[in-house]
Structure formats: structure tokens, C-alpha cells
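J.: Residue strings, one per chain:
There are 2 protein chains.
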Amino acid sequence: MSTAAPEIQKTARDGAFGNAVALSCRECGNRVELGPSYACPECFGPLEVAYDFPAITHEEIAAGPANIWRYKALLPVPTDIEQSPNTEPGFTRLLRADNLARELGIADLWVKDDSTNPTNSFKDRVVACALSAARELGAKVFACPSTGNLANAVAAAGARAGIRTVVFIPSNLEQPKQVNSAVFTDSLVAVEGNYDDVNKLAQEIAAEEEGWAFVNVNVRPFYAEGSKTLGYEIAEQLGWRLPDQIVIPVASGSQLTKVHKAFGELIELGLVEDKPYRIFGAQAEGCGPVATAYKAGVDAIRPVKPDTIAKSLAIGNPADGIYVLDIARATGGAVEQVTDDEIREGIVLLARTEGVFTETAGGTTTAVLKKLVETGQLDTSLETVIINTGHGLKTLDAVSGRVGPRATIPASYDAFEAAGLA
Amino acid sequence: MSTAAPEIQKTARDGAFGNAVALSCRECGNRVELGPSYACPECFGPLEVAYDFPAITHEEIAAGPANIWRYKALLPVPTDIEQSPNTEPGFTRLLRADNLARELGIADLWVKDDSTNPTNSFKDRVVACALSAARELGAKVFACPSTGNLANAVAAAGARAGIRTVVFIPSNLEQPKQVNSAVFTDSLVAVEGNYDDVNKLAQEIAAEEEGWAFVNVNVRPFYAEGSKTLGYEIAEQLGWRLPDQIVIPVASGSQLTKVHKAFGELIELGLVEDKPYRIFGAQAEGCGPVATAYKAGVDAIRPVKPDTIAKSLAIGNPADGIYVLDIARATGGAVEQVTDDEIREGIVLLARTEGVFTETAGGTTTAVLKKLVETGQLDTSLETVIINTGHGLKTLDAVSGRVGPRATIPASYDAFEAAGLA
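For the record, the sequence lines run as chains A and B.
Under full-length UniProt numbering, residues 1 to 422 are what the first sequence spells out, in order.
Under full-length UniProt numbering, residues 1 to 422 are what the second sequence spells out, in order.
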């Protein structure tokens, strides 16, 4: 299989990628030119974006827009990125979660709520960066395989950008996520199989078809950088300070590794004080290959066949799983997993305490937070952040049997009184 | 019927309402003390908040948070409002809508997208202001009658604030909106009847029960002020400038009147240049009492029994309808209405052109924009803004029969090619 898509331009105009200077192999350090490549030509390791950052100040960032482009100097995008039509994601709420903290016995807790992004998940961040790369590389089609949230984000971003989108989803996906993509594009394609099957098909198409930019395949290095903005925002919204502990859901594992990268960059640039922090990963038991490896104390991750209500985390063979293990262990964190029932409870717990309606992925993160406290793996005296990556309206079925009206009454005051509601 | 709820405190601490100084009757100008009153004791006209504004600068506003509290000096809230747990709504995207503009033949078009608020509608703005008033007045229960979006917002805000919520909805409401409220509160109450029936019940309860703050009944004057922030944000995001034309959906009519009030305040405070602007109202034909009166050239609004898919606009007897008529006529705007089919088309049109998935209310606004162009009521050479008030995930049924996967294929490249997708 080729490591670069045919016919997307191999190079782009000067400044197309901002302060990025190369793609660098995470395994062997080999550097290649910025372009539509995602695997190292030497060792087949994953490529990621390397930068040569100038000095950057808090003031420069604060003067930017209330979206991810305030961090454009830290992303592989041109300096005029705001001028190109995009969904303008990010700068979502960092909420103090005093009620949830009290409920779980944690001193100091925050929820980073990414469910209020344009298409209601963190995927709008990564897709915005992928779109920029696709545009700069002259792609004709903007595409993805997706468990749902990514499909929504790609279809919406493509519509706004006026580029043709083709979006591949597993045919058993929740209907709200299907409609939430199909409303934006006439080329939603349902594939018989699970996410790993859909992903494999996308890799084949990326290798064969002219000018297709698959956001999480051949422009993946650019795409993945978008997740760094979650780390930047958390630090900025805490008053340019890193949290002590952070709990992040793990699907491919990319988001967790990129938040870690973001924290490292902020330290390196002197934008926050250097300090230790612990990173925890959250998985569902029905798809917990990284948590299983973490608990077993091994380095190899054994792929699993996903069986969980947390479909947006249902990646059985996570590309960045081994890096998640490294980071959790190196920072003194952990990777934990919870059952589908705990996930459902997590959704209702977060909603009832903080007024945030999360999807199953956020239910997983909330439930893992609870389990980390109960098992003593999390230090409850330290400042902790959890990331809510998506919106509960997308996975309504998870809780629709659990919550509902307390009573149905006729429209009269007597009926109100009789129902014991006064 | 009493015009003030019993047992909510009649007065509050100094500074509880910021720069607000009184409640003033919209009809006779009579002033009463700031408190849980909503109808003039002299003439029963609607009360609204009156202020004594100090000088306010662009810089002071820009230094505030990226939510509605950046405008706290212009709202009936205390100066430390950010410290009280709330959903932190607002400062949503104002998107340039070049694709939609091209499609409709408009020179200069923007979409103010309020679907990315905490509970995905503009109601989070008004509820945040009502919550502040309820808190300052010592309310024990935070309640509302609602067509759905308001229920979501009240239930979420109450959960975060740790105040008991009781939320009344018509029993035939879309299930997503029901779950999206029930997930936050154990006191969602389904009422047999339409919104007007539910509203009447709420008024009875507000008059009888101790310490209940009904956001849109007895603290309505405070609540309604929240909609002004839409006007402030549009002006600020345009670079402190008013648009030439704006299209706003009409349910009770409150939002439209408050955007007008906001524009007037900004002019009065010297925060924008004084200039003419036209305000247009958007209704569904199945509930278009204001549009009907506008077209008939009469001042009286005849209540209707709603029958439309735009349930969040289905208020048959709109409280602020006569003021909407006044404003549309005085500014050179209009009030227009569209069919349910046009609403469905409006939803898909906005999604396919701008990547914004709106609910039926936004479909109404988009379809009315189209109709205003086609009928020559809107000047296509002028800068125009439309407001998207809520999220399409809440009214999926409206489009789920219209959009869907283009194909379902096996997970193979051959199948991809055979489906003609290459």
C-alpha cells in the first residue's frame, strides 16, 4: 500500500502550513516534506507535524477570535485561515463542576464541554485543520470513515467550504448521527461492517482515487493537530495554568496524545509554568483494548471486536493506543474502563449535577472519573479536568428508557395539586 | 388574578439587578419596583426592565468573558453574575453565509447561529437572566411552561444552579426535547393540551404557589431581557455596526422586540452609529397570527390554534405580537409566513449551503428569507442577518424522511466503484 495518496498535490504554496516545517516520524524521527503522507517511508511509523515556533505571547492569543484560530500560530494552517469558510469551532466552555465534585468527593473539578461545537463534538476541531490541509493540497473530495461524530463534522465543514464530501459510516449507526450528516451532504455512504471495516475501505480508496483527502487517513497528521486546541483552551481558560489531572476518552487514542503534546508545547514556549500532570484514559469495557493492556502491565495492545453502546469510542484496533499507554504510565495516570450500565449512569450523573447532556463517550469519561475515585487511582485533592467530547442528543437511545416525564396530567391546577407536584 | 407571585421576596439586595432601576409599563409608562411582577398594576400592560446606564465602552465589553455576561452592564443582573453557577450561554458564531447568499441572490448575508448554545437554542440566554432574578428574589422552585427548547434550558440551568426545577410541556412534544429535559430534572411534567393550555396552567400555579419563579411568567421581564444579547452580539461581531436588515422568527414575539430594544440601546450609548435598519418577522402558516395581521394591515391579532411542524413557534396567542407588528411597520420590514414543506426545504437549504443544521424554527426563518427575496420585500443589495434559534437534532423528524444515505454497500473497493461513488 502506498503511503501517500495519488494526485493530491505533493507540495503547497509558501506559508500553507504556518509554522509547521515537516512531517516527523513518531518512531524513528525521520523527516519528510509537509504533504499528504501519513506513514514514514523508512519504518512505516506514524507521521506527525513538526514546527519551528516563533515567540508567542498570551496577548497575541487573546487578541484572536473566540475559536480555535486564536491558536493558529501553533497549528499547521496559513496565517489567513480565518478568511476561508470554515465552521469556526472551539473555545467551548470550561465549566467549574462543583456539584459533581461534591457528589464524587473531589476538591476541584472542571468539565471541558466540547458538545457545543458547531456539529456538537470535538471533531469539528480536527476537521477544521484537515479541511485547511485538503484545501492547500488541492483536494477535490473531502472524505472520511466515521463512527458518526466525524461524519457530522466533515459533512458540515465540506458544505460550508463548498467542496464535495463523501462520508462513509457503519450501516448500524444511530439514526440521529445519520440524519445529522445526510442533511449536509448528498453523499453519505453506509457500509456493511464495523468501524474497522469502514476504515480499511477508506484506506483502500485513499490509495487508489485521485484527489481524495480522507481527513483521518492521508491528511491525518494535519487533522490530528486539531485536538491540541483542547489542551490550549483548558490551559488558557484556567488562567494559563495546567491542571494536575485530566481524564480523556480513548477511541484511536489520538486526542489524548495531542492534549499531552499541547501541554508540552505550552511549557516549551513559556506560556505556562512547567509542572507535573497526570493523564488518564477512559474506555468502555465493550471496547477497552488499551485499558486491558494497561491493567495487564503489557506494552502490546490486542485488538478487540467492539461491543458497547459507546459507538464513538468503538475502535477495536486503536492506532495511538501504545502512545496512550506510554503517556498514562509516564505521567502517573491510568487507563480505566466501565460497563455500558455505568456509562448510562454517567450520562445522567453529569446532566443532573452540571446541566451538561453528554453522549455515551462523555458518559464513559464521567463513569471512569467515578471509578478512578472509588479505586483510589485519582488524587481527589488535586485539580482535575474531564473532557466531554460530544452531545447527548446524538445518542438519545442510551438514556431514553431511563429518564422521562414524572407525570402526565390534564391542564388544570387541581390535577397539578393532585399529582403532588406543589 | 394577582400580578405578583406570593412569597417570592418583593425586594432584593442592593445591586441585585445591576443598572436596572425599575419595571416600566410598556403601555402607560407607569413604574414599579424591581421584583416578581409582570403586569402593570395600573393598566395590566406588560412590564419591562428600565435602566440608568453609565457610560460603557467597547473595551470594557471586549474584556469580558466569551458569553452573555460580557454585556452584564446592560442586563438586570449583579456585577458578580459570573461567580454564580450558570450555563454560560451566548457569544455564538456569526457566520458569513456566502453560499446561501449566492443561492438566493443576496449581496451580503450572515447567519447568527444560536444552535450552539449550552442546550442548543437561544433560550439559554433568557433563562440565564431569569435564573439570576429567581436567585436574587429567593425563589425555591425554578419553573416554566415550554414548547421544548425552554424546558431544556430551564432544566439544565436549574441542575447547574442546584435549584429545584419543575418543567411543564405539552404531552405531544417531540421525544428528543422530552429526553433533553428529563435527563436534567426528575420533575418534567407532561400536560395534556397545547402550549397555550400549558401556559395558562403555569400562570395559575405562579399565582397560587409559594416561591415559584416561572421564568416566562412572574420573572418574565428579567427573562425577556436575555434576548437583547443576540442584538448586542450581532452588532459587536459585525465590528460594532448594525445590519441593514434582520430576519427573526416570531413565537411570542419577545425576541424580535428585544433585538430592536438592544439596537436602540447601542445607539443611545454611542456604541454603534445611528442608522436605519429593517426588522422582519418569520412565522409558519400553521401558526401565523402576526403575519396574517401584518398582511391584512390591521393592528389586532386574532389568536389561532397552532398546526405546524414548527412547534417551537407554535404560540397561537403571541404576547408581544402587536409590538412585532409595530416594529416591522415602523422599520420598513415585514412579517411573512411559510408552509411546513417550505420549512423542511429551508432546513436542508441552510445545511447544504452553510453547514448549519437548524430546527424547524430556523427552517422557517430561512424559508421566509427566501420568500422575502422572491416577493421583493427584502432589499437584496443590503447587508442582512438571519437568526438561527435552535438545533436540528431536536426536530429530526422534520427531515429524517427527506435525507439519508445515498447508498448502502459492502465493505469493499469493488462495491465502492460499482456504486458509482468514485
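Rather than coming from a laboratory, the hints here were simulated on the basis of the structure.
Because the structure is a prediction, the values reported are computed rather than measured.
It is possible that some hints are incorrect.
[Said to hold, decoys possible] According to the in silico footprint, chain B covers these stretches of chain A (three or more CB under 8 Å from chain B): (1) 121-135; (2) 177-190; (3) 217-228; (4) 245-251; (5) 316-325.
[To be verified] Label-pair distances were calculated between CB atoms; the ranges are: (6) A:Asn172 / B:Glu103: 30 to 38 Å; (7) A:Pro303 / B:Trp240: 51 to 59 Å; (8) B:Asp397 / A:Arg102: 21 to 29 Å; (9) A:Gln83 / B:Trp240: 18 to 26 Å; (10) A:Ser412 / B:Asp80: 51 to 59 Å; (11) B:Asp414 / A:Glu103: 52 to 60 Å; (12) A:Pro303 / B:Thr408: 24 to 32 Å; (13) B:Thr408 / A:Ala330: 22 to 30 Å; (14) B:Gly420 / A:Gly105: 22 to 30 Å; (15) A:Tyr413 / B:Asp80: 31 to 39 Å; (16) B:Ala63 / A:Glu27: 53 to 61 Å; (17) A:Gln83 / B:Ser400: 46 to 54 Å; (18) A:Asp80 / B:Glu27: 49 to 57 Å; (19) B:Lys305 / A:Gln175: 55 to 63 Å.
All C-beta atoms in this analysis are idealised placements derived from N, C-alpha and C, irrespective of residue type, glycine included.
J.: Are the hints correct? Go through all of them and say.
T.: Evaluation of the provided hints:
1. 121-135: violated (count 0)
2. 177-190: holds (count 12)
3. 217-228: Our answer is that it is violated, as 0 residues pass the Cβ test (under 8 Å) against chain B, missing three.
4. 245-251: violated (count 0)
5. 316-325: Coverage by chain B is violated here, the residue count being 0 at a Cβ distance below 8 Å.
6. A:Asn172 / B:Glu103: 30 to 38 Å: Holds, since Asn172 (chain A) and Glu103 (chain B) (Cβ atoms, about 35 Å apart) stay within the stated range.
7. A:Pro303 / B:Trp240: 51 to 59 Å: The hinted range 51 to 59 Å holds for Pro303 (chain A) and Trp240 (chain B), with Cβ atoms some 55 Å apart.
8. B:Asp397 / A:Arg102: 21 to 29 Å: violated, 39 Å
9. A:Gln83 / B:Trp240: 18 to 26 Å: holds, 20 Å
10. A:Ser412 / B:Asp80: 51 to 59 Å: violated, 41 Å
11. B:Asp414 / A:Glu103: 52 to 60 Å: holds, 53 Å
12. A:Pro303 / B:Thr408: 24 to 32 Å: With Cβ atoms ~25 Å apart, the hint holds.
13. B:Thr408 / A:Ala330: 22 to 30 Å: violated, 44 Å
14. B:Gly420 / A:Gly105: 22 to 30 Å: violated, 58 Å
15. A:Tyr413 / B:Asp80: 31 to 39 Å: holds, 37 Å
16. B:Ala63 / A:Glu27: 53 to 61 Å: Once the Cβ atoms are compared, 46 Å apart, the range 53 to 61 Å for Glu27 (chain A) and Ala63 (chain B) is violated.
17. A:Gln83 / B:Ser400: 46 to 54 Å: violated, 35 Å
18. A:Asp80 / B:Glu27: 49 to 57 Å: holds, 52 Å
19. B:Lys305 / A:Gln175: 55 to 63 Å: Given a distance of about 31 Å, which is not inside 55 to 63 Å, the answer is violated.
When the structure is compared with the earlier hints, violations turn up for hints 1, 3, 4, 5, 8, 10, 13, 14, 16, 17 and 19 and for no others.
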